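> Here is how the chains run, residue by residue.
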Amino acid sequence: MNEQYTLTTDVFPYLLALSAFLFAVGAAGVLVRRNPLVVFMSIELMLNAVNVAFISFGRFLNSEEGQIFAFMVIVVAAAEVVVGLALITQVFRIGRELDVDDLNELKL
Amino acid sequence: MSLVNVLIIVVSVLAAMGALGVVFSSQPIYSALSLVFCIGMVAVIYLILNAQFLFVVQLIVYAGAVMVLFVFIIALLSPSSEDRPAFGVRFIIACLAVVAITGTVFVTARNGVTYSGDTLRGAVVGRADSATDPAYARNAFDFSVDNIDGTPGHEGPGNVQTTGGQLFTTFLLPFEITSLLLLVAAIGAVYLTRRTPAGGH
Numbered sequence: 001m002n003e004q005y006t007l008t009t010d011v012f013p014y015l016l017a018l019s020a021f022l023f024a025v026g027a028a029g030v031l032v033r034r035n036p037l038v039v040f041m042s043i044e045l046m047l048n049a050v051n052v053a054f055i056s057f058g059r060f061l062n063s064e065e066g067q068i069f070a071f072m073v074i075v076v077a078a079a080e081v082v083v084g085l086a087l088i089t090q091v092f093r094i095g096r097e098l099d100v101d102d103l104n105e106l107k108l
Numbered sequence: 001m002s003l004v005n006v007l008i009i010v011v012s013v014l015a016a017m018g019a020l021g022v023v024f025s026s027q028p029i030y031s032a033l034s035l036v037f038c039i040g041m042v043a044v045i046y047l048i049l050n051a052q053f054l055f056v057v058q059l060i061v062y063a064g065a066v067m068v069l070f071v072f073i074i075a076l077l078s079p080s081s082e083d084r085p086a087f088g089v090r091f092i093i094a095c096l097a098v099v100a101i102t103g104t105v106f107v108t109a110r111n112g113v114t115y116s117g118d119t120l121r122g123a124v125v126g127r128a129d130s131a132t133d134p135a136y137a138r139n140a141f142d143f144s145v146d147n148i149d150g151t152p153g154h155e156g157p158g159n160v161q162t163t164g165g166q167l168f169t170t171f172l173l174p175f176e177i178t179s180l181l182l183l184v185a186a187i188g189a190v191y192l193t194r195r196t197p198a199g200g201h
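These protein sequences, in sequence, are chains A and B.
Note that our numbering has the first sequence beginning at 1, numbered continuously upward.
Note that our numbering has the second sequence beginning at 1, numbered continuously upward.
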């Protein structure tokens, strides 16, 4: 058995660090950017970060559940993108500037 | 540090660069392309972690359907190009937060993770009890080894059979609720984007 091709748990901290980095960058993107399209992309980034953590834990604990959860997260992300992009299209159609700071139509 | 571990680290760095491109691009189309790159690199990590089913799902659903939807909406709306985020105090705070969160998780996972009394560090995945437990031997990360040896691969976790088996037995109810969620999302999208007759906005 060639050890060069063996996955060891030395890499586990790097995977978790990647997950945390993607989540933090996504959260910063949601907070900093004003274009709602880019905000949605940042949300996708955060969901991907969670998926990386799920699959890493599932792999290193020899469990199937992590992949099932990641599958559910992908489904939720797809549904969220569909509804969100429909909302953005409507906002653009009524003639508003695409800027999340200006979207206060629901404000009382 | 084996070659597979080095490969995971390199791909992780590429994925992180793609994520930074999403936030720092001045135009939404560049953000979308950076996100496609990042998603592709994450899919490669899934493949290395023996999640072949999610590798394919990630490429088809995310890099295929979702990103095509994004690019389509960007082309439809043609939003004006936005300046990069200002390199001011908020930018510095955001960078510090990202570095702090990542560093904390890395250090904690490297030094503090214990599971069932044994630290995860240094052990070989799936091989710990392979000598005594044949079920563990089946879970070994061996698709690269098998490809090189030319021997057929084992049915480790993550292939379509095991994932589908779990999905249709243990997790049947969440799987069915998923279909309801997708139906509601589709109906909601059609409702939101319908053209109202005269008078409506």
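Some clues are possibly wrong.
Claimed, not checked - Here are some of the chain A residues that sit facing chain B, going by a computed Cβ distance under 8 Å:
{"no.": "1", "residue": "ALA20"}
{"no.": "2", "residue": "ILE55"}
{"no.": "3", "residue": "VAL73"}
{"no.": "4", "residue": "ALA86"}
Said to hold, decoys possible - Covered stretches of chain B, as calculated for chain A (at least 3 residues, CB under 8 Å):
{"no.": "5", "stretch": "3-16"}
{"no.": "6", "stretch": "40-48"}
{"no.": "7", "stretch": "54-62"}
{"no.": "8", "stretch": "66-77"}
{"no.": "9", "stretch": "162-168"}
{"no.": "10", "stretch": "177-188"}
By construction, these hints were calculated from the structure, which means they are not laboratory data.
Everything numeric in this text was worked out from a predicted model, so none of it was measured.
Each residue gets a CB set at the ideal place from its N, CA and C atoms; glycine is no exception.
> Each hint: holds or not?
Cross-check of the supplied hints:
1. ALA20: holds (4 Å)
2. ILE55: holds (5 Å)
3. VAL73: Hint on A:VAL73: violated, closest Cβ of chain B at ~10 Å, above 8 Å.
4. ALA86: Nearest chain B Cβ about 4 Å off; hint holds.
5. 3-16: holds (count 8)
6. 40-48: holds (count 4)
7. 54-62: holds (count 5)
8. 66-77: Coverage by chain A holds here, the residue count being 7 at a Cβ distance below 8 Å.
9. 162-168: holds (count 4)
10. 177-188: holds (count 7)
The earlier numbered hint that this structure contradicts is number 3, and it is the only one.
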